[in-house]
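S.K.: Which chain is which? The protein sequence lines are U and G, in order. For the first sequence, the numbering used here begins at 25 and goes up steadily by one. For the second sequence, the numbering used here begins at 25 and goes up steadily by one.
Derived from the structure by calculation, the hints contain no laboratory data. One should not assume that every hint holds.
The list cannot tell twin chains apart, which means a pair is met if one copy fits it or any two copies do.
[Said to hold, decoys possible] No farther apart than 25 Å at their CA atoms in a straight line, the calculated lysine to any residue pairs in the SDA-like style are these: (1) 34 to 446; (2) 122 to 364; (3) 108 to 422; (4) 122 to 139.
So the chains spell out like this:
2 protein chains.
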Amino acid sequence: MLEKILNPNKSDFVKLSQRPVLDNSTLMTGVQTIFNEIKRNRDAAVLNYTEKLDGIKLSSSVYDITGVNADSIEIEESLKNAIKLAYKNIYAFHCAQKSSGIDVETMPGIMCSQRSIPLTRIGLYIPGGSAPLFSTVLMLAVPALIAGCKEIILCTPPDGSGSIHPAILYSSLLCGISAIRLAGGAQAIAAMTIGTKDIPAVDKIFGPGNQYVTAAKQLAQNYNVAIDMPAGPSEVLVYADATCIPEFVAADLLAQAEHGSDSQVILVANSVWILDKVNDHLTIQISNLPRKAIATQALSHSKAIFIEDVETAFDFINEYAPEHLIIASDKAESYINLIKNAGSVFLGNYCPESAGDYASGTNHTLPTNGWAKKYSGVNLDSYMKKVTFQSITRTGLNNLGATLITMAEAEHLQGHANAVSVRLNY
Amino acid sequence: MLEKILNPNKSDFVKLSQRPVLDNSTLMTGVQTIFNEIKRNRDAAVLNYTEKLDGIKLSSSVYDITGVNADSIEIEESLKNAIKLAYKNIYAFHCAQKSSGIDVETMPGIMCSQRSIPLTRIGLYIPGGSAPLFSTVLMLAVPALIAGCKEIILCTPPDGSGSIHPAILYSSLLCGISAIRLAGGAQAIAAMTIGTKDIPAVDKIFGPGNQYVTAAKQLAQNYNVAIDMPAGPSEVLVYADATCIPEFVAADLLAQAEHGSDSQVILVANSVWILDKVNDHLTIQISNLPRKAIATQALSHSKAIFIEDVETAFDFINEYAPEHLIIASDKAESYINLIKNAGSVFLGNYCPESAGDYASGTNHTLPTNGWAKKYSGVNLDSYMKKVTFQSITRTGLNNLGATLITMAEAEHLQGHANAVSVRLNY
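Throw the hints in and build the complete structure from the sequences for me.
M.R.: Below, the structure written as structure tokens:
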């Protein structure tokens with residue numbers, strides 16, 4: 025099933041790590057038109073796009089949930105309990121990321137501090153479509169709650185009856201979100217960027233989406249709105265050694281492949297027999313998969329790579345910088361120090377990516393497309409900014425003053441020097 | 025000197041906070057041409073631009089400093105000592121930002137962790153021009169050293185003799201930077217984005233610059249290179265109460281105003297007499313300033329605002345979200361809880377912005393243009409990415425498995441459920 029590559033040259037690692045390049049320049053023109061239209065006609069424009077693209081005429085994008093009680097929502101009790109457990113684990117892990125701040129007296133009388141302060145108003149985008157991504161509601165809203173963001177706006181496209189999936193509603197209520205707006209696609213991103221009467225402009229936009237949403241988030245940055253991270257198709261890289269269980273590896277690769285036909289799936293193993301065994305299990309397991317067609321397409325451009333030397337294997341993995349990295353091994357911990365670039369890492373034979381996708385506690389909003397080399401996944405810090413403070417006493421300025429004046433004058437900034445000397449001479 | 029505004033309406037706060045809008049769309053076309061040219065002709069293109077724009081023909085952009093000893097560099101001993109003290113304070117404050125990571129057992133058998141891992145190769149841009157910004161070398165390189173970035177490339181334009189300012193060289197050596205490249209402007213950013221033989225492509229680009237550099241950094245993001253933050257003209261907001269010393273406030277405003285004619289300078293005070301007194305001192309102090317012409321221009325579009333109520337004053341300040349916020353007061357600490365949006369805060373009458381610009385220990389690379397609402401200034405985290413890990417035992421998966429399957433099936437992702445059940449059934 026997977027194309028086999030044996031002992032590739034190091035010089036090919038960059039090429040082997042390349043993802044398909046998406047040229048979104050034509051897309052951008054269309055998305056810019058949507059931004060212009062939202063800027064001109066605000067809510068009327070949003071509702072027009074909703075009618076045109078989601079096929080439903082709404083009188084307002086406001087989805088009123090006043091008085092709706094989570095308990096009364098009609099989803100299976102088992103799903104409610106699963107969502108509550110996921111919430112609890114995500115809450116615990118992101119809560120542990122809180123920092124009480126830093127205080128350092130760098131010199132007598134010079135106190136430097138750093139504090140994390142929450143963003144005020146954030147926007148979450150939850151895609152509609154075939155699968156109701158209620159798990160993404162938890163992943164994006166729980167850390168916002170912990171950070172203390174004052175306002176959370178959630179945009180999601182309406183279904184055919186002008187409503188949203190009950191599991192999305194349930195998850196939103198669990199997270200205390202009261203501002204749900206029925207708007208999807210680039211128009212939702214444009215509205216959260218520019219601001220309308222019903223959809224306020226936000227400081228930062230979080231969340232996944234199709235290529236229109238991705239392009240709109242990229243454009244939003246030009247309007248001074250922050251975004252969680254650039255987005256691309258989801259991906260997994262599994263590293264398997266002789267202690268792996270090929271049946272599990274095949275299942276993990278398929279879990280990624282079913283996401284979309286553009287999903288990236290890579291297997292790296294230190295024995296050729298692993299590649300063959302995994303391929304055998306892929307053939308068996310894929311036959312019963314409901315999303316078999318999608319998974320087959322994804323696998324068709326995926327690779328199984330044999331690299332015997334472990335250091336070389338991790339050189340490749342770090343060059344690839346996968347969103348998800350599974351270490352399929354009984355001694356997974358022994359590889360940790362070799363990992364330089366990855367979004368989230370799954371250690372051991374009993375740690376499927378699904379665990380992090382839903383409920384282990386880690387976040388599932390992660391850098392794709394090699395961005396794991398330079399971007400973190402969503403974490404508590406994504407909802408805060410770090411502000412520095414310095415407090416200087418008269419004695420402190422006596423201690424530091426001459427240094428400041430010397431440096432300012434060497435940079436030809438006499439005004440900077442004067443701000444010190446006017447105090448020292450007072 | 026400063027235009028006085030008395031008790032503005034809250035509804036005017038957004039308008040009063042607006043910075044001049046720079047349309048860089050024509051600039052972008054020129055910068056894109058530079059990127060295309062660098063992509064086509066690599067080092068030859070860089071050297072061509074250097075000849076055309078910096079007026080010097082180089083045979084290579086590599087600035088060889090092999091064997092150069094910091095002690096032998098010809099700058100005043102007092103400047104060397106000042107730079108060393110600044111280095112020490114910046115090092116101490118950024119070192120305290122190190123995190124040992126987070127480990128949480130969210131459920132029995134489910135261990136979730138977060139670790140900070142350094143970026144591998146970063147690029148620093150240090151502008152040339154009238155003032156040698158050696159302080160920026162310290163601010164950008166010291167945290168990179170602490171983070172453990174493997175490679176630091178420093179680009180700076182050559183002077184007329186194909187050399188760089190000795191204070192920049194001294195600071196670079198102090199920070200252990202060995203890879204200095206003589207390249208400036210958009211062509212330096214393009215080279216660090218695309219990569220040439222002499223200037224390697226980097227993961228992330230840090231540093232200030234003129235509008236061409238700013239536009240080039242914006243463009244670099246489209247090529248998958250990260251940047252420290254968007255940039256705009258530097259700015260200060262001083263909040264002064266009855267315990268301020270107007271002479272000091274005037275000096276601080278001038279220190280900012282001398283940066284550039286587009287600098288933003290705002291005074292907010294809770295008494296009108298403060299505005300008048302500060303204006304008097306501005307008139308006196310500006311007369312002897314070497315960069316008087318620049319400062320005068322900056323002050324011409326700056327404002328002094330009287331807001332009597334302290335909460336209202338901070339509503340405005342948080343809407344403005346200044347890069348630098350000085351609290352000119354004997355009881356500065358009492359205002360801290362009112363501060364929601366600022367890059368760096370200077371507390372008390374003896375804490376000029378110059379302290380943070382050079383040597384208190386905090387970073388001087390900070391969000392301008394209201395971006396302090398959503399971006400942190402440069403800090404240790406800017407040089408690292410946070411990677412999550414999960415380690416799950418067989419027992420852990422037994423505990424979490426049913427939850428994962430329920431959620432996966434509710435999202436119609438059977439492959440995700442299979443990756444769990446194949447393990448539970450093994």
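S.K.: Does each hint hold? Answer for all of them.
M.R.: Hints versus structure:
1. 34 to 446: neither (61 Å within a copy, 35 Å between copies)
2. 122 to 364: both (24 Å within a copy, 17 Å between copies)
3. 108 to 422: between (57 Å within a copy, 17 Å between copies)
4. 122 to 139: The answer is both: 11 Å in one copy and 14 Å across copies each meet 25 Å.
Hint compliance for this structure: hint 1 is the single one not met.
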